[in-house]
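So the sequences go chain by chain: A and B.
By the count of our numbering, the first sequence reaches residue 963 at its end, each step adding exactly one.
By the count of our numbering, the second sequence reaches residue 317 at its end, each step adding exactly one.
It is worth saying that the hints were derived from the structure and are not from the lab.
Check each hint, because a few of them may be wrong.
One side only, chain B facing chain A, incomplete, derived with CB under 10 Å [claimed, not checked]:
#1 194
#2 198
#3 201
#4 202
#5 209
#6 211
#7 212
#8 221
#9 255
#10 257
Just so we're clear, the structure is a prediction, and the values are computed from it rather than from any experiment.
Note that the Cβ used here is the ideal one computed from N, Cα and C, for glycine as well.
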Amino acid sequence: MDEFEKEVKLDFLAEAIQLLDDAEQAFLALEGDKNNADLMNQIFRLAHNLKGTSRAVGFGDVAEFTHEMENLILKVKEGQVPITDAVVSLLLECNDHVSIMIKTLNMDLNSRFDSKEIIAKIQLALKGELSAGAAVAAPATEEAPAPESSADTISAEDIALLESFERDLEAPREVMSSEQKEERAHSFFPTEAPKPSLHVVPEADKTTPTAEPKKAAPAAKGNTEDDSIRVSLARVEMLNNVVGELVIIQTVLNQQRDEVHNPLMLKSLSQLAKLSKEIQNISMSLRMVPLKQTLQKMQRIVRDTSKSLNKKVHLELIGEETEIDKTVLEHLADPLVHIVRNAVDHGLESTDDRVMLGKSEEGNISIRCTHEGNSLVIEIRDDGKGINPKIIREKAIEKKVISANANMSDDDLVNLIFHPGFSTKSEVSEISGRGVGMDVVKTNIEKLSGEVRVVTEVGKGSVFKVVLPLTLAIIEGMVTKVGDERYIIPLGQVYESLSPTKDIVHHVNGVGDCLKIRGEVIPMFKVSTALQRTTKERPVHEQIAIIVNTEERNFAVLVDDILHQQQVVIKKLGDEIKNQKGFMGSSILGDGRPAFILDLVELFSGTMKKKKSNFIEEMAA
Amino acid sequence: MEKDNVMKMKRTNAELSRFIEFSLGNEDYAIPLLMVREVISVPDTTPIPKSPTHFLGIMNLRGQVISVVDLRKKLKVETKQDKEEAVIIVDIGGMNIGVVVDSINKVLAFSSEEVSEMPEVEHQVNTNYIYGVYKKENSLTVLLDIAKVLDLKDMEAITGTKKAA
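Produce the entire structure from the sequences given, and follow the hints as far as they go.
This is the structure we're talking about:
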């Protein structure tokens with residue numbers, strides 16, 4: 343495969359992912375609004391586009407399958423096949439199938455696929471014989487537990503399998519490729535490419551006279567979205583770097599202000615200051631993306647989960663336009679999926695129970711996103727049965743999470759659901775219980791320096807509140823001095839700082855210096871020793887102790903001085919020193935010189951024996 | 153190994169190849185010009201704790217934090233007395249590293265025929281970071297594969313898998 347061909351294929355894959363996302367949204371919307379002709383047209387264009395381009399770039403298997411899919415959509419569009427739930431489910435299943443193919447191709451461009459089974463189902467649907475039960479059951483058995491993650495695992499297995507087929511298929515594919523090359527040529531002329539299929543569907547042409555299939559996707563959503571371009575994160579980072587420098591130079595210039603007497607110069611200086619501030623704001627905002635796409639995936643999660651549980655659920659999204667840093671967003675999807683799935687499975691009662699309790703038949707889940715100061719707040723609210731602290735307490739005692747006589751508030755009890763190894767449902771269900779519980783959600787969110795709490799009222803429902811920093815690129819840091827060098831300690835790791843006066847420092851044989859504060863003895867380490875720096879030894883009581891408080895253990899570290907506290911932009915370290923333990927990254931300080939950001943917990947993780955303390959028990963005692 | 157390197161160079165550079173020549177102590181070395189992003193004077197650096205001695209520290213290159221390596225220490229070459237010192241910022245597969253040298257001499261342009269293989273010597277230290285040797289009128293310039301000098305072979309493997317994934 344030559345470079346050009348590879349590039350064309352990779353371009354297609356990137357485009358296809360976008361098309362599939364759009365298609366999924368359209369299918370879901372179609373379910374609610376079955377007579378919407380515009381939607382149907384949009385779906386048809388998407389499918390047609392997918393088929394056309396996949397064939398043009400030489401993904402025969404994808405083209406073959408999407409052709410079948412297009413057939414079905416055409417029949418539905420023309421009203422020959424009624425839009426039933428079963429058909430929509432089948433279409434979604436088709437969509438998943440294509441996205442598995444695309445994901446697999448992304449990893450190996452030579453992958454081949456077997457779509458016989460699902461094509462057979464399409465054929466059935468075309469004949470109008472698709473029974474409602476069969477299609478609804480299909481997603482439940484095949485992929486309902488975790489459409490997202492199962493797609494990943496399947497594709498990984500597929501690859502291994504496909505690779506073994508690969509060798510046998512090598513020869514015939516070579517023959518095919520010469521034909522494909524010819525077809526590929528069409529992709530240069532987007533308006534020509536679809537011609538062979540256009541005459542098959544004259545209606546489509548009439549209803550959308552301007553829509554060239556190549557441009558169908560943007561046209562379909564053109565009205566609602568701004569014009570945008572795709573820019574690589576690396577480029578944005580580069581811009582941010584340069585702007586950061588600009589701001590530093592700006593500060594230097596500002597410090598020279600007093601020596602400037604030329605009024606024009608002074609005026610220009612203050613204008614420059616204003617402009618660079620503005621540029622900085624804009625360049626930082628480039629990393630921000632709306633939550634919309636991630637939230638819309640929840641529609642699908644709710645749909646699939648509620649279908650397989652036979653519950654009626656209405657999902658409301660509020661504040662989809664709220665923006666958050668791209669890197670935060672990427673890690674947010676999994677915890678959110680878990681919380682939402684949990685809300686449908688455990689939170690909401692079954693339809694019968696709801697009716698009995700006098701609630702609306704349809705359960706309600708809402709996801710509301712807002713900015714609060716420098717944080718993003720996501721509230722996932724359900725109007726289900728709520729979490730009963732009494733049950734949690736019994737479970738917690740049974741699972742030995744807390745002691746039988748622990749005295750805890752209801753609020754603390756409810757938040758025990760985030761404790762490792764805690765699941766209130768006695769039997770693990772297919773939907774939420776997959777060995778991982780809410781503790782994983784909590785760990786994942788804490789990795790993003792965020793937090794999660796739950797507020798609940800028995801019988802009325804629960805609210806999961808996730809609070810996240812808007813960006814991971816900037817943190818509050820404490821600039822400290824060790825010898826002549828400066829190191830930044832993330833403020834999040836600093837519990838308190840104090841002067842280790844002689845009366846609280848104790849030397850313990852075999853352990854070294856310890857600090858006795860408020861009746862607790864904690865070990866004390868030197869940052870200079872951990873970093874293997876040779877510094878002039880200063881007496882301990884002239885140094886400053888920083889107390890680090892983690893769930894597992896507390897300890898103190900000694901630095902020579904704390905210089906100041908500031909927001910620092912985290913810069914990644916080069917690959918050559920990335921594997922050094924104890925560094926979170928680096929940052930450029932006000933004078934333009936770089937300094938390392940320490941990860942104290944990691945730096946001292948080897949120094950101490952892991953002390954397994956059950957902090958909740960301590961808290962409760 | 154050296155043969156491979158020369159062969160590879162001959163294949164890829166049928167015409168003139170350009171190298172930037174610099175001095176380390178009394179010896180002349182050169183690296184491909186295309187790998188050089190820029191040349192700067194030695195900046196302020198911040199030492200990297202727990203790193204090998206040839207790691208001079210990290211520096212701020214217009215907002216980007218990059219590592220600076222002292223090539224003289226890495227190759228165990230004695231430093232010249234009247235040193236000027238310069239830092240060559242090299243680009244190795246997208247990764248930027250600063251390399252401290254004694255002085256920059258000039259840009260060399262030569263055809264691959266003028267490059268000879270590294271002479272085979274028994275018990276010699278690992279020399280696979282040397283492309284070959286370029287003969288000048290009365291001296292020699294050693295052509296370095298800078299990625300191999302800096303032991304970044306493993307890094308290439310890592311970035312390679314990243315791209316594939």
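Results of checking the hints against the structure:
1. Restraint check, residue 194 of chain B versus chain A: the minimum CB separation of about 14 Å is more than 10 Å; hint violated.
2. Hint on residue 198 of chain B holds. Least Cβ distance to chain A is approximately 5 Å, under the 10 Å limit.
3. For the restraint placing residue 201 of chain B at the interface with chain A, the shortest Cβ-Cβ distance is roughly 4 Å, inside the 10 Å limit, so the hint holds.
4. Taken as an interface hint, residue 202 of chain B checks out: its beta carbon lies about 5 Å from the nearest beta carbon of chain A, inside 10 Å.
5. For the restraint placing residue 209 of chain B at the interface with chain A, the shortest Cβ-Cβ distance is roughly 8 Å, inside the 10 Å limit, so the hint holds.
6. For residue 211 of chain B, the interface hint holds, the least distance from its beta-carbon to any beta-carbon of chain A being 7 Å, beneath 10 Å.
7. At its closest, the beta carbon of residue 212 of chain B sits 5 Å from a beta carbon of chain A; the interface hint therefore holds under the 10 Å criterion.
8. The beta carbon of residue 221 of chain B is positioned within 10 Å of a beta carbon in chain A (closest approach about 8 Å), and the interface hint is therefore held.
9. Checking residue 255 of chain B against chain A: minimum C-beta separation of about 24 Å lies over 10 Å; hint violated.
10. Hint status for residue 257 of chain B: violated, given a least beta-carbon distance of 26 Å to chain A, over 10 Å.
Violated hints, listed in ascending order, are 1, 9 and 10; each of the other numbered hints is respected by the structure.
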